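Peer 1: This is what each chain is made of:
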Amino acid sequence: MTGTPARRRPYGAGAAPYARPSAATARGRAPRAPYFFVLPAALLFLLFFALPIGYALWLSFRKAKVSGLGLGAGARTEVWAGLENYTDALSDSELLNGALRVLGYGCIVVPVMLGLALLFALMLDAEKVRFAPVTRLAIFLPYAIPGVVAALLWGFLYLPDVSPFYFVLDRLGLPQPDLLDGGPLYLALSNIAVWGGTGFNMIVIYTALQAIPVEVYEAAKLDGATPLQIALRIKIPMVAPSLVLTFFFSVIATLQMFNEPTTLKPLTNSVSTTWSPLMKVYQDAFGKGDIHAAAAQATLIALATLVLSFGFLRAANRRNKQEAAR
Amino acid sequence: MPYTKRRRLVTTAVAVALGATALAACGSSDDGEARSGPVSLTYWTWTPGMDKVVDLWNKGPGKKEQITVTVKKQASGDTLVTKILTAHKAGQAPDLVQAEYQALPTLVSNDALADIKDEAGDVKGKFADGVWQQTTLGTDAVYAVPQDIGPLMFYYREDLFEKYGLDVPQTWEEFAETARKLKKAAPDKDLTTFSANDSGLFAGLAQQAGGRWWTTSGQKWKVGINDDATKKVAEFWGGLVEEGAVDNQPMYTPAWNKALNTGKQIAWISAVWAPGTLSTAAPDTKGKWAMAPLPQWSADENRTGSWGGSSTAVTTDSEHKDAAARFATWLNTDADALSALAKEGGIYPASTSAQLSGAFTNPPEYFSNQPDFYAKAAEIAETTVPSAWGPNVNVAYTSFKDAFGAAAKNKSDFTAALDTMQDDTVADLKKQGFEVAP
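Chains A and B are the protein sequences, given in the same order.
For the first sequence, position 53 matches number 53 in the working numbering, and the numbering has no gaps at all.
For the second sequence, position 246 matches number 246 in the working numbering, and the numbering has no gaps at all.
A few of these clues could be false.
Computed beta-carbon distance windows for the label pairs [as the list claims (entries may be wrong)]:
(1) 100(A) / 299(B): 44 to 54 Å
(2) 89(B) / 144(A): 30 to 40 Å
(3) 47(A) / 220(B): 36 to 46 Å
These aren't lab readings, by the way, just hints derived from the structure by calculation.
As the structure is a computational prediction, the values presented were derived from the model and not from experiment.
Just so it is clear, CB atoms sit at the ideal spot from N, CA and C, and this is done for glycine as well.
With the hints as extra help, turn the sequences into a complete structure.
Peer 2: Spelled out as structure tokens, the structure:
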């Protein structure tokens, strides 16, 4: 037995890294594997995310240059533009106005939608609630409808000549406001977003509410708290992280507003082709064929979104930490 | 859109463009050398039933010449222009494309269309001068073969005109009077609407009045969108909208369909293709409409503008330009091809002889009450004045939608909107590096 140590050696001894790894193999092999596993994701990220963004950035520093009448071969070349596209975008009042319009829209839609979502979530989470699953589904259902379809559907309801609502208002002799004009247009657009988005946000908040341990409620009840007090003093503070999250999503979605105004645009004179910043980007890229200006604007919008959303997240986190410290 | 992760449109588009660029390694070679063996061509078009017309080619002359054409159905108008330009950037544009006349300068200025003068130049005589001139852009080259045209006409509800005692207006002045008279007789009805969502109609009206939006002088473009003729048109419609004589809501909405279908709007200025649109927008009023020439700016004139109309062009990416040009001329000048186009695609041909061919002896079904519909249409088509398109029609059209949309909504000054349109167009030309004559 002892005569053949080489053959009878315990399995893996010496060679196998987990038996007695030598310093060299540990350094040489172990770190390689994670990179290998990460490779597909990294490649896809590079190919379909980093590269296009890089290309968009590159485009944003270029511009088309035409010579003469611009007809025939070789009349159009691409040249370096430096920051020209950016200065144009920043001094373009239409882009700024679009941002202001979206801001006005966001001021309506975010508080209303999140307020309703929180209210519905709290009501569904109340102790005695009937038909909870059905109600939950009913509130959530509009979220399953594609945004363009929702906007079209509401568009029909907003048009006085085809809307059943206006028919009823007319029969009752009530005033018939034009929802696709001026101030009411913001309400009309917000309504579509609130209708479509409340359910999703409600589910997020509701799920957080479900995760609160029952003991907390028991303790509160023993202390004599009413359901309203429990909701205000316990539930809402405890789902604050979810509220922050839904707010974060909503702000980003607002900044990227595109579907609703684009779908309503053909129905009314009130929505211009550059109503929201993203519509302006789309218009410049595909209406005017100026991908360079569009790339610069897209970069600016992405930057603004980044600054706004992460700025908000940081502020929220800091508050949380302060409260935890207190 | 519900609140969820939303793909950033532009990033996606850029990604697509990038992918296409990567694939573009195989460029196009010059043609000209003698073809050997069969050739297959791809054709992007939106005309319905085009595949059936192309079948005629593939089984007839195409078989003899060993040229097979495949139709790829596309979205119409501007959407296709964008798609062609994107494909061209990648060197992957199809051999043949359908393009509206006003899109030709944009496509040519992006070097997407081939000069087919040698192959197609000799069919010039088959078309009215004003139509043919649109495919040459005033140069020696020929960039497309005309397919269909859209001369503007006046469509009206014959029965309702009679009911309210209205006469078909011969001049624009009479048109305004008719609108006012109707408003007085039936305050809830409108003669028509001024729609800001289709720039083509306004361009056609300006063309009739003598507006020439893009012209060249030497190596410079001259933009005349706010010239006196167009200003006259803008002022006229702005006045009607302001006094409430005509409606200010856009066309092609559910509300507009309903207004036409229920007789709330009793006239429509449109092109020769209107019967198709009316039969879907206002099916209940079939047989109640009639067509007349467009009102004139002065009684002794007889002119019209156009709204739409398209051509068949060969791209610079095509490796078989001669074969493609041969198909394009066959499609738009051959009698069999044109009557098939009329029957299957419902187009009104640009070829003057085809306008009076057998396919156009009977009126469209929707206008069965007007037996001489097509005879009249051919007469009107003859009075089409030449148009003048430039390399950034798309910019002017977008500007029109926004500026006139706001002006129509606020019932404010239309000439100010026209100036905005002019300024936007000139600014864009300058930005691209075009020389613009003052």
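Peer 1: Honestly, do residue 89(B) and residue 144(A) meet the 30 to 40 Å range at C-beta?
Peer 2: holds (38 Å)
Peer 1: Can you tell me whether the CB distance of residue 100(A) to residue 299(B) sits inside 44 to 54 Å?
Peer 2: Cβ of residue 100(A) to Cβ of residue 299(B): about 50 Å, so the range 44 to 54 Å holds.
Peer 1: Quick check on a hinted range of 36 to 46 Å for residue 47(A) and residue 220(B), using CB atoms only.
Peer 2: holds (44 Å)
In the structure shown, no violation is registered for any of the earlier numbered hints.
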